[in-house]
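Work the whole structure out from these sequences, hints included.
Here are the chains, one letter per residue:
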Amino acid sequence: MLRTTSRGKPIVYLDTAASAQKPQAVLDAMTRFYETSNANIHRGVYQASEQATLAYDGARETLASFLGGVAPEEIVFVRGTTEAINLVAQSFLRPTLRPDDWVLVTEMEHHANIVPWQLAGARTVPVPVTDGGELDLDAARRLLSEGPRLLAVVHASNTLGTINPIAELAAMARNAGVPVLVDGAQAVGHLAVDLTTLGADFYCFSGHKLFGPTGVGVLWGRRELLEAMPPWQGGGDMIDHVSFERTTFAPVPHKFEAGTPDIAGVIGLDAAVHWLGAQDRTAIAAHEETLWRAGRELLDAVGGVVRLAVPDRNVGILTFTVDGAHPHDVASLLDQDGICVRAGHHCTQPLHRRLGLPATVRASIAPYTALADLEALAAGLRRVRQVFA
Amino acid sequence: MLRTTSRGKPIVYLDTAASAQKPQAVLDAMTRFYETSNANIHRGVYQASEQATLAYDGARETLASFLGGVAPEEIVFVRGTTEAINLVAQSFLRPTLRPDDWVLVTEMEHHANIVPWQLAGARTVPVPVTDGGELDLDAARRLLSEGPRLLAVVHASNTLGTINPIAELAAMARNAGVPVLVDGAQAVGHLAVDLTTLGADFYCFSGHKLFGPTGVGVLWGRRELLEAMPPWQGGGDMIDHVSFERTTFAPVPHKFEAGTPDIAGVIGLDAAVHWLGAQDRTAIAAHEETLWRAGRELLDAVGGVVRLAVPDRNVGILTFTVDGAHPHDVASLLDQDGICVRAGHHCTQPLHRRLGLPATVRASIAPYTALADLEALAAGLRRVRQVFA
Amino acid sequence: MATMDELYQSVIIEHDRSPRNFRRLEAPTHQADGRNPLCGDEVHLELRVDEEGRIAEVGFQGRGCAVSKASASMMTTALGGRTLPEALELADRFQALLTGKREADASLGKLKVFQGLAAYPMRVKCATMPWHALREALRIEL
Amino acid sequence: MATMDELYQSVIIEHDRSPRNFRRLEAPTHQADGRNPLCGDEVHLELRVDEEGRIAEVGFQGRGCAVSKASASMMTTALGGRTLPEALELADRFQALLTGKREADASLGKLKVFQGLAAYPMRVKCATMPWHALREALRIEL
Ligand SMILES: Cc1ncc(COP(=O)(O)O)c(C=O)c1O
Ligand SMILES: Cc1ncc(COP(=O)(O)O)c(C=O)c1O
Numbered sequence: 053m054l055r056t057t058s059r060g061k062p063i064v065y066l067d068t069a070a071s072a073q074k075p076q077a078v079l080d081a082m083t084r085f086y087e088t089s090n091a092n093i094h095r096g097v098y099q100a101s102e103q104a105t106l107a108y109d110g111a112r113e114t115l116a117s118f119l120g121g122v123a124p125e126e127i128v129f130v131r132g133t134t135e136a137i138n139l140v141a142q143s144f145l146r147p148t149l150r151p152d153d154w155v156l157v158t159e160m161e162h163h164a165n166i167v168p169w170q171l172a173g174a175r176t177v178p179v180p181v182t183d184g185g186e187l188d189l190d191a192a193r194r195l196l197s198e199g200p201r202l203l204a205v206v207h208a209s210n211t212l213g214t215i216n217p218i219a220e221l222a223a224m225a226r227n228a229g230v231p232v233l234v235d236g237a238q239a240v241g242h243l244a245v246d247l248t249t250l251g252a253d254f255y256c257f258s259g260h261k262l263f264g265p266t267g268v269g270v271l272w273g274r275r276e277l278l279e280a281m282p283p284w285q286g287g288g289d290m291i292d293h294v295s296f297e298r299t300t301f302a303p304v305p306h307k308f309e310a311g312t313p314d315i316a317g318v319i320g321l322d323a324a325v326h327w328l329g330a331q332d333r334t335a336i337a338a339h340e341e342t343l344w345r346a347g348r349e350l351l352d353a354v355g356g357v358v359r360l361a362v363p364d365r366n367v368g369i370l371t372f373t374v375d376g377a378h379p380h381d382v383a384s385l386l387d388q389d390g391i392c393v394r395a396g397h398h399c400t401q402p403l404h405r406r407l408g409l410p411a412t413v414r415a416s417i418a419p420y421t422a423l424a425d426l427e428a429l430a431a432g433l434r435r436v437r438q439v440f441a
Numbered sequence: 053m054l055r056t057t058s059r060g061k062p063i064v065y066l067d068t069a070a071s072a073q074k075p076q077a078v079l080d081a082m083t084r085f086y087e088t089s090n091a092n093i094h095r096g097v098y099q100a101s102e103q104a105t106l107a108y109d110g111a112r113e114t115l116a117s118f119l120g121g122v123a124p125e126e127i128v129f130v131r132g133t134t135e136a137i138n139l140v141a142q143s144f145l146r147p148t149l150r151p152d153d154w155v156l157v158t159e160m161e162h163h164a165n166i167v168p169w170q171l172a173g174a175r176t177v178p179v180p181v182t183d184g185g186e187l188d189l190d191a192a193r194r195l196l197s198e199g200p201r202l203l204a205v206v207h208a209s210n211t212l213g214t215i216n217p218i219a220e221l222a223a224m225a226r227n228a229g230v231p232v233l234v235d236g237a238q239a240v241g242h243l244a245v246d247l248t249t250l251g252a253d254f255y256c257f258s259g260h261k262l263f264g265p266t267g268v269g270v271l272w273g274r275r276e277l278l279e280a281m282p283p284w285q286g287g288g289d290m291i292d293h294v295s296f297e298r299t300t301f302a303p304v305p306h307k308f309e310a311g312t313p314d315i316a317g318v319i320g321l322d323a324a325v326h327w328l329g330a331q332d333r334t335a336i337a338a339h340e341e342t343l344w345r346a347g348r349e350l351l352d353a354v355g356g357v358v359r360l361a362v363p364d365r366n367v368g369i370l371t372f373t374v375d376g377a378h379p380h381d382v383a384s385l386l387d388q389d390g391i392c393v394r395a396g397h398h399c400t401q402p403l404h405r406r407l408g409l410p411a412t413v414r415a416s417i418a419p420y421t422a423l424a425d426l427e428a429l430a431a432g433l434r435r436v437r438q439v440f441a
Numbered sequence: 009m010a011t012m013d014e015l016y017q018s019v020i021i022e023h024d025r026s027p028r029n030f031r032r033l034e035a036p037t038h039q040a041d042g043r044n045p046l047c048g049d050e051v052h053l054e055l056r057v058d059e060e061g062r063i064a065e066v067g068f069q070g071r072g073c074a075v076s077k078a079s080a081s082m083m084t085t086a087l088g089g090r091t092l093p094e095a096l097e098l099a100d101r102f103q104a105l106l107t108g109k110r111e112a113d114a115s116l117g118k119l120k121v122f123q124g125l126a127a128y129p130m131r132v133k134c135a136t137m138p139w140h141a142l143r144e145a146l147r148i149e150l
Numbered sequence: 009m010a011t012m013d014e015l016y017q018s019v020i021i022e023h024d025r026s027p028r029n030f031r032r033l034e035a036p037t038h039q040a041d042g043r044n045p046l047c048g049d050e051v052h053l054e055l056r057v058d059e060e061g062r063i064a065e066v067g068f069q070g071r072g073c074a075v076s077k078a079s080a081s082m083m084t085t086a087l088g089g090r091t092l093p094e095a096l097e098l099a100d101r102f103q104a105l106l107t108g109k110r111e112a113d114a115s116l117g118k119l120k121v122f123q124g125l126a127a128y129p130m131r132v133k134c135a136t137m138p139w140h141a142l143r144e145a146l147r148i149e150l
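Chains as they are written, first to last, in the numbering used here: chain G, 53 to 441; chain H, 53 to 441; chain X, 9 to 150; chain A, 9 to 150.
In short, the hints are calculated from the structure, not lab data. Beta carbons are placed, not taken as given, at the ideal position from N, Cα and C, and that holds for glycine. It cannot be assumed that every hint is accurate.
As the list claims (entries may be wrong) - Partial list, computed: chain H residues near chain A (C-beta under 8 Å):
1. H378
2. D381
3. Q388
As the list claims (entries may be wrong) - Computed beta-carbon distance windows for the label pairs:
4. K118/A to A338/H: 53 to 63 Å
5. T300/H to T88/G: 44 to 54 Å
6. T88/H to R71/X: 29 to 39 Å
Here it is in structure tokens:
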């Protein structure tokens, strides 16, 4: 994709935070699956089904070790971050929800980490975000002591790029006896995540933001919690015994994977994680940080570009507004130059209300981003300023 | 895949009822998406996102016309049949469920059309299956008059191949004021389905059995019903306005498509439906029926192979047992010859209990099946008989 | 076909800067709120329909991109003096123009500059949003 | 490496036809049910452990494929006279053999014919199912 053109110009892809481009190895793995061992899993004794099953179960092991060496049975394959959170909301929270129960979220959460709790019947109360774009930890500590059922917090903000101090928050939550769900959608592609030490109880992310395919994501949960939760969806592969009177269920993780999963998607995600594992992640992080700092300077030099206040620990997100020009207009005019950025509320309406802005423009940095991409962005913004001059 | 070998022999794929092989056009469409317009949908104003959005929304139109010309807004993309049924169970049934409410299912349902109703809190009561492998319509009529909340019935049985008289059942249900969900997982690949005349209220199927990719499926529902249903999953793209106090939702179908969907999967399914639309479906149906009849004779000639009693209107499924040999052993030994069949309960434990069999062997016929495949099956079964002789 | 830049420069920027009828009415007879949930843009639309059933006054407020603002601004001027059925018909014609289902013709007047937007489907919603609010408003008599 | 056919012909078919200890015990001290939910196979296993803590008798019933039946049959003969820790250790060794984590050695006795099954992971479950039931049974004293 990065070799293609957009609106006749070479593409400048700065929207990885929405969805990442895929290494060839990921596409190849999926095509190879469909061409050589396409079959359903867990049910056939013939070779293709066996290979599909081994590849699928192997992906669980790949993901388990990618996340710091957790147990493979703690990895549940879902469609993405959104489904993972809905699963926890419906299967962990709802069955034991009492009237007036509430979930502690933050002002910087993605809608995916707000609405599922509301749909499960809980109130959501936010930890405030400071003017510097960080979580107010004192407020978090105070709110944790007021008896929320759960702390649901984003590891890295998709709008600000802020990397939240999860270990610290998880320790506070543990003291308060509050379980913690972490939305890792924006974090896993940039940070090494070790769930054996992080302190979270649930962690989730989407494959498509981790250089993998659409349609697949991961929910990790502590085994005791997963085991105690009733199944959410029912169907094939998640049962032990079915009758019209009484049905019993398979052990975790199968209990949570009803029906035919996105087998090819899981195999693609496995390939993406292998690809990432073969990269020098420290070097990538350094590259991204260098570009992020350069990007800030380039934007500041345009004039009339107002960057959001964000902390220095950042996953490489540049979010800004342009004086006198609405974000959508900015993105449309940049699009004329083949530059792909995101404009809107980025599914964080409450954060935008906090910022007093209906919408912002976001450029996000990935391993394949080059300085030239950011220079193109700055040049594009100069043109936007001219149009609106 | 059909050009590959299995256990060193050319593959004989007779497990399309579990998952179909994919035309090249489907793989190409997905690869093309990832290579030329991979981006998230509904949120970007740049060209790649725009193309992805148009392709995704276009798939909704393709599916709507494939199903007889229903409204595109009535098409909800889900992971597969299983998720579709769970959605209806949780969003249509559960919110209005009273104690003692029950769902009328049938003895030939797949677990995916039994367990979700149970998880939603309803009892399941089955329409019996006759010795000939058909639904007992008199019993169905009687049971419908006893006040079930819903009739949930499979269009074509994945174990028997029976094509159920859905129009007739739907008419009975309508008289009794009972809404009808039809599990079309095994039907859409074989029959032309016209939802404007069928009489169903919900219809669902999986892409991977319709020559499409894994990870995608369709729920169709009457607009009035979908509109009246609360959302099931919460997250991005399904909201109108989000706040910590109160959230409002987007119109159908978006209300039911929270988070990033399997964009590539939807595009692959679109390609599969286009591919199917370009075939002569009458000719395919005739080909399948000829093979099915030939298959029956070939199996009967082996000796010691006992076919299940099934009606003549059939989607091309051959299910049998072999005297003195357990289905798993049969399938394993056939696998030695590169023959892929399914052995087990095929996710229809209640039907198997009705048949008095713990497991059966199933061979299923597809457009790409050849007489030689069935001859190979018969020869393989002769060898199985020798091993067990 | 106009490029996006030309579209902006020809008309959109001008209306964005000096929107017509950007105000509340004294005695509206109809009103509605329009929203584009994907971008958070909002428009509040008010109309006054006189005794003869003709649109006498239109005002809008809100925040949005230049496209939606220009579209709302030009809509308010295009509606004056029309009956409600005429207004709805204009809304349909505008929608058809932007979704490429219809060519521009004289009946659209100045609105036809928006035709260039048909090539940018993600932005079409910005331009049609005020018109959706109009349809809504005509249903909600005060 | 034995092919599936050879495996069946060498031992599985024979035990399938004449399973050893295919019966209920008079006075079991332990029992459990094993099930392979994917294929519906079931085994009911009973043990009698004597005063010295050794397995004196084992019986099984149920229905299943030839592999699970042969495995259960051979398990019942292999367990006689063992202590419970010894039985569990044998279960571990058997599991390791079938998952390719360990080569066959003399300690496995006749059970080592199952090694060929390691190449067929979907069938491994059939062979290990009775052994899982054993682990379960040793937890459930009657
Ligand atoms: C009749 C029937 N219903 C439901 C399903 C479940 O489909 P999926 O596993 O794709 O959700 C299947 C396939 O396994 C089926 O054959
Ligand atoms: C922080 C965060 N959480 C959740 C999501 C939702 O992910 P998905 O749409 O893949 O379910 C996203 C991406 O949109 C995100 O950035």
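Going by Cβ atoms only, is Q388/H closer than 8 Å to chain A? OK, holds: Q388/H within 8 Å of chain A, min 5 Å.
Given the range 29 to 39 Å, decide if the beta-carbon distance of T88/H to R71/X lies inside it. Roughly 35 Å apart at Cβ, these two residues keep to the hinted range, so it holds.
Quick check on a hinted range of 53 to 63 Å for K118/A and A338/H, using CB atoms only. 54 Å, holds
Holds or violated: D381/H as interface residue toward chain A, Cβ cutoff 8 Å? OK, holds: D381/H within 8 Å of chain A, min 5 Å.
CB-CB spacing for T88/G and T300/H relative to the 44 to 54 Å hint: With Cβ atoms ~47 Å apart, the hint holds.
Holds or violated: the hint that H378/H contacts chain A, with Cβ atoms closer than 8 Å. Hint on H378/H: holds, closest Cβ of chain A at ~4 Å, below 8 Å.
When each numbered hint is compared with the structure, no violation occurs for any of them.
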